[in-house]
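There are 4 protein chains.
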Amino acid sequence: MGKLVRFGVSMEEGLLKKLDEWISKHEWTNRSEAIRDLVRQRLVEKEWENSDSTVMASLTFVYDHHVTELQERLTRMQHDHHGMVLSSMHVHLDHYNCMEVLVLKGKASEVLDLSDRILGTRGVKHGQLVRTSSGKTI
Amino acid sequence: MGKLVRFGVSMEEGLLKKLDEWISKHEWTNRSEAIRDLVRQRLVEKEWENSDSTVMASLTFVYDHHVTELQERLTRMQHDHHGMVLSSMHVHLDHYNCMEVLVLKGKASEVLDLSDRILGTRGVKHGQLVRTSSGKTI
Amino acid sequence: MGKLVRFGVSMEEGLLKKLDEWISKHEWTNRSEAIRDLVRQRLVEKEWENSDSTVMASLTFVYDHHVTELQERLTRMQHDHHGMVLSSMHVHLDHYNCMEVLVLKGKASEVLDLSDRILGTRGVKHGQLVRTSSGKTI
Amino acid sequence: MGKLVRFGVSMEEGLLKKLDEWISKHEWTNRSEAIRDLVRQRLVEKEWENSDSTVMASLTFVYDHHVTELQERLTRMQHDHHGMVLSSMHVHLDHYNCMEVLVLKGKASEVLDLSDRILGTRGVKHGQLVRTSSGKTI
Chain A
86 MGKLVRFGVS MEEGLLKKLD EWISKHEWTN RSEAIRDLVR QRLVEKEWEN SDSTVMASLT
146 FVYDHHVTEL QERLTRMQHD HHGMVLSSMH VHLDHYNCME VLVLKGKASE VLDLSDRILG
206 TRGVKHGQLV RTSSGKTI
Chain B
86 MGKLVRFGVS MEEGLLKKLD EWISKHEWTN RSEAIRDLVR QRLVEKEWEN SDSTVMASLT
146 FVYDHHVTEL QERLTRMQHD HHGMVLSSMH VHLDHYNCME VLVLKGKASE VLDLSDRILG
206 TRGVKHGQLV RTSSGKTI
Chain C
86 MGKLVRFGVS MEEGLLKKLD EWISKHEWTN RSEAIRDLVR QRLVEKEWEN SDSTVMASLT
146 FVYDHHVTEL QERLTRMQHD HHGMVLSSMH VHLDHYNCME VLVLKGKASE VLDLSDRILG
206 TRGVKHGQLV RTSSGKTI
Chain D
86 MGKLVRFGVS MEEGLLKKLD EWISKHEWTN RSEAIRDLVR QRLVEKEWEN SDSTVMASLT
146 FVYDHHVTEL QERLTRMQHD HHGMVLSSMH VHLDHYNCME VLVLKGKASE VLDLSDRILG
206 TRGVKHGQLV RTSSGKTI
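Chains as they are written, first to last, in the working numbering: chain A, 86 to 223; chain B, 86 to 223; chain C, 86 to 223; chain D, 86 to 223.
It should be emphasised that the hints constitute simulated quantities derived from the structure, not laboratory data.
A hint or two may mislead.
The list that follows gives simulated cross-link-like pairs (lysine to aspartate or glutamate, EDC-like), each with its CA atoms no further than 16 angstroms apart [said to hold, decoys possible]:
#	chain 1	residue 1	chain 2	residue 2
1	D	K221	D	D149
2	B	K110	A	D198
3	A	K103	B	E106
4	D	K88	D	E134
5	C	K110	D	E134
6	D	K110	A	E130
7	A	K131	C	E118
8	A	K88	A	E118
9	C	K190	C	E118
10	C	K88	C	E118
11	A	K192	A	E118
12	A	K131	C	D201
13	A	K131	C	D198
14	A	K190	A	E132
15	A	K88	D	D149
16	B	K102	A	E134
17	B	K110	C	D198
18	A	K110	D	D198
19	C	K192	C	E134
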């Protein structure tokens, strides 16, 4: 995790109380963890604004595997960018529908391009890209 | 602003460096301000998840004022909810297009309803609701 | 509104039924209006991805006007970019809190910069930028 | 895919031209596919607003596997909700960092809860939930 350093933060009493309520009710284990998460989230957003950053992503999509040639097309697109698709996972939802998740690594602009192309393919019904990070810089 | 209290936060050295770079390059004036903003943002998001919260919002939309009866309809919807529309601002964009911003106050669910109805009106081309807060609890 | 043209769309029976349910329950007045809105929304998102596009925006923010020099700072920032701030509206929320909405016009990258700077100012508690359009191209 | 039906849509000439430019440059294969995708996306968003809907999701997160007991905690949370976690995929990013993707199925409110708990666990650095659908109703 890298060496931990400690620093002071000043906050309005009322805001801190709200934060503590939130921590006790829901997500995080303590204030530092909450604050680190919020900072990391912002930094990852900013990383993606630079189209040359090397980023990690996952692309989730739901499709109807009976659509003619859809699977061939999806496979071909992934092979055309084989350097970018680190791995994939497939779930059979019902007789028609499949869900697939790809883990992607590459330049932000190239990852966005591949995502656009896959989500725009006929038969791909819904999907979304998660923009995350290799974890090194956060 | 309420009384300020001070507490310690521990963070990985590398993450803190990234945060400081971000602060020096861009938005905030110091670490505490950055962290307070990130906390407030999350708390406001959570406030809106409770449909009974009393919230503040702004609704921005662009419309073509030549569309028959559009202005009458928009005015009527606002009057039907006159308790919710605190004020409005109008900008003439060109011969056809207007931009309007409403400041709204009410229960989260009612504000969302009014927003849906206005954005769905024929002639309203584009718009978005900003979900914010009265500032009291943050 | 420009001349209307008509074209055919094919859609799965089940999906069309769902769309019609949505239209009858909520937002839009008819299918064409619904579809035009969805198309416009996507086009506006894409317009903002080109940092040189001339765009319209609104910036909504809540602040505590007792914070020293905050109003001077906010006024100065707006004057430094007086070409970009077309108009503004102010609402007194309570003894401490104000809400302000600015209507902005400029290059996407410059609008984003000004928005970052205002939202990062000490005393500005919460805010958000709405990315919209002059309406000409949609 | 279900039976295809055909209906007419009217649209301003300028807007249609923009849509066609977008289709030819980027994502979709034709107008119907573009419009079906935009409709599905909106319907899925609305499905998630009902906390009782049965939904599909993927949860992507990056974590440092050296953090004490993190893997045990993540495994335990998944087992506590074994009905919800349909499958998972793991990618080793470097000596410290891992990326994991879970495919989740359940009530919207329960999926959101589990996602909040995992993303708030100490050592989980970044992550995001993709809200999608079983494909049956879209």
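Hints violated by the structure (listed by number, smallest first) = Numbers 1, 2, 3, 4, 6, 7, 9, 11 and 16, in rising order.
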